[in-house]
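Here the protein sequences line up with chains A and B, keeping their order.
Mapping of the first sequence onto this note's numbering: residues 1 to 113, in sequence order.
Mapping of the second sequence onto this note's numbering: residues 1001 to 1112, in sequence order.
Honestly, the hints are just simulated from the structure, not real lab data.
Mixed in with the good hints there might be a few duds.
[Unchecked claim] With a straight-line Cα cutoff of 16 Å, these simulated EDC-like cross-link-like pairs (lysine to aspartate or glutamate) come out: (1) K67/A x E24/A; (2) K1056/B x D1066/B; (3) K19/A x D85/A; (4) K41/A x D1007/B; (5) K1070/B x E1055/B; (6) K1069/B x E1055/B; (7) K44/A x E1005/B; (8) K44/A x D85/A; (9) K40/A x E1005/B; (10) K1070/B x E1005/B; (11) K1104/B x D38/A; (12) K41/A x E1005/B.
[Stated by the list, open to error] Every beta carbon over 12 Å from chain B, so not counted as near; a handful from chain A, in silico: (13) R63; (14) F64; (15) P69; (16) L81; (17) I112.
[Unchecked claim] For each label pair, taking beta carbons as the anchor points, the in silico distance ranges come out as: (18) Y10/A x T1027/B: 32 to 40 Å; (19) D1066/B x N17/A: 45 to 53 Å; (20) L54/A x E1017/B: 42 to 50 Å; (21) T59/A x S1051/B: 21 to 29 Å; (22) A3/A x R1080/B: 22 to 30 Å; (23) G16/A x D1066/B: 44 to 52 Å; (24) N1038/B x G28/A: 21 to 29 Å.
The C-beta atom is built at its ideal place from N, Cα and C for all residues, glycine as well.
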Amino acid sequence: DTAVSQTPKYLVTQMGNDKSIKCEQNLGHDTMYWYKQDSKKFLKIMFSYNNKELIINETVPNRFSPKSPDKAHLNLHINSLELGDSAVYFCASSQDGGNQPQHFGDGTRLSIL
Amino acid sequence: SQQGEEDPQALSIQEGENATMNCSYKTSINNLQWYRQNSGRGLVHLILIRSNEREKHSGRLRVTLDTSKKSSSLLITASRAADTASYFCATDAQNSGYALNFGKGTSLLVTP
Chain A
1 DTAVSQTPKY
11 LVTQMGNDKS
21 IKCEQNLGHD
31 TMYWYKQDSK
41 KFLKIMFSYN
51 NKELIINETV
61 PNRFSPKSPD
71 KAHLNLHINS
81 LELGDSAVYF
91 CASSQDGGNQ
101 PQHFGDGTRL
111 SIL
Chain B
1001 SQQGEEDPQA
1011 LSIQEGENAT
1021 MNCSYKTSIN
1031 NLQWYRQNSG
1041 RGLVHLILIR
1051 SNEREKHSGR
1061 LRVTLDTSKK
1071 SSSLLITASR
1081 AADTASYFCA
1091 TDAQNSGYAL
1101 NFGKGTSLLV
1111 TP
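Sequences are here, hints too, so could you generate the full structure?
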């Protein structure tokens, strides 16, 4: 059974479009995250949601908006896509309380033409 | 902000040899974690070591933590071709809930 699943796996689109990436976890975790991995494999936190509340928002453009309909889902919506948005986006989840491992999805590779 | 820095950036060894990767970080931490990433896949948690621990083992993995030097090492013993992957250390990001700050990773190649 897939613990953290995200769709689509690949997303190819043109500049200026709006797109969404979906993420679901079946682990019963309280906290979910979105990370961005650039072409040099550097991973950077974008958002963290705990019990449907945004608890961090790093310096991410407001074109990116996370939406959490319930604690098992954290979707990422991106408006007006730019070339620099090309990257691999990873969803992750963890149990509450810190000192906990994070479970990652397999990523969504976003390519902007 | 980036917290961890892995060293070396790339490591190539033969099956059966040991692989050692190092990680340095900048600020105080609650814990340090190591993750593995196979090509085209998500990160997989390997081991978590708390700030009051000095060494931890899990199968062929051995992690050390030196908080006075703000450094950690990951040792993989008797490496296998299947260990080929990128390895990342991660520390808890300050004032960011439970999010992690990742280093740039060490790319490990194990050849038969």
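Now the hints, each set against the structure:
1. Restraint check for K67/A and E24/A: the C-alpha separation of about 12 Å stays at or below 16 Å, so the hint holds.
2. Restraint check for K1056/B and D1066/B: the C-alpha separation of about 12 Å stays at or below 16 Å, so the hint holds.
3. Among the hinted pairs, K19/A with D85/A is consistent with the structure: their alpha-carbon atoms are about 11 Å apart, no more than 16 Å.
4. Of the supplied pair hints, the one linking K41/A and D1007/B holds, its CA atoms being roughly 15 Å apart against a limit of 16 Å.
5. A threshold of 16 Å between alpha carbons decides the hint, and for K1070/B with E1055/B the separation of about 14 Å falls inside it, so the pair holds.
6. Our distance criterion of 16 Å between C-alpha atoms is met by K1069/B and E1055/B, whose separation comes to about 14 Å.
7. Proposed proximity of K44/A and E1005/B is supported: the alpha carbons are some 13 Å apart, at most 16 Å.
8. A distance of roughly 13 Å separates the Cα atoms of K44/A and D85/A; the hinted pair therefore holds under the 16 Å criterion.
9. Taking the CA atoms of K40/A and E1005/B, the gap is near 13 Å; set against the 16 Å cutoff, the hint holds.
10. A threshold of 16 Å between alpha carbons decides the hint, and for K1070/B with E1005/B the separation of about 11 Å falls inside it, so the pair holds.
11. Restraint check for K1104/B and D38/A: satisfied, since their Cα atoms lie roughly 10 Å apart, inside the 16 Å limit.
12. With a C-alpha separation of about 13 Å, the suggested pairing of K41/A with E1005/B holds against the 16 Å cut-off.
13. Distance check on R63/A: its Cβ is at least 20 Å (rounded) from any Cβ of chain B, clearing the 12 Å threshold; non-interface status holds.
14. With 12 Å as the threshold on Cβ separation, the claim that F64/A sits away from chain B holds: the shortest Cβ distance comes to roughly 15 Å.
15. Listed as a non-interface residue, P69/A keeps its Cβ farther than 12 Å from every Cβ of chain B; the least gap is roughly 20 Å.
16. Separation of L81/A from chain B is adequate, the least Cβ-Cβ distance of about 22 Å exceeding the 12 Å criterion.
17. In this structure I112/A is separated from chain B by more than 12 Å, as the shortest Cβ-Cβ distance comes to about 19 Å.
18. As the Cβ distance of Y10/A to T1027/B is approximately 36 Å, the hint placing it in 32 to 40 Å holds.
19. Take D1066/B and N17/A: their Cβ atoms lie about 48 Å apart, and the range 45 to 53 Å holds.
20. Take L54/A and E1017/B: their Cβ atoms lie about 46 Å apart, and the range 42 to 50 Å holds.
21. At roughly 27 Å, the beta-carbon separation of T59/A and S1051/B lies within the given 21 to 29 Å, and the hint holds.
22. The hinted range of 22 to 30 Å is satisfied by A3/A and R1080/B, whose Cβ atoms lie roughly 24 Å apart.
23. Distance hint check: the CB atoms of G16/A and D1066/B are about 49 Å apart, consistent with the given range 44 to 52 Å.
24. For N1038/B and G28/A, the Cβ-Cβ distance of about 26 Å falls inside the hinted range of 21 to 29 Å, so the restraint holds.
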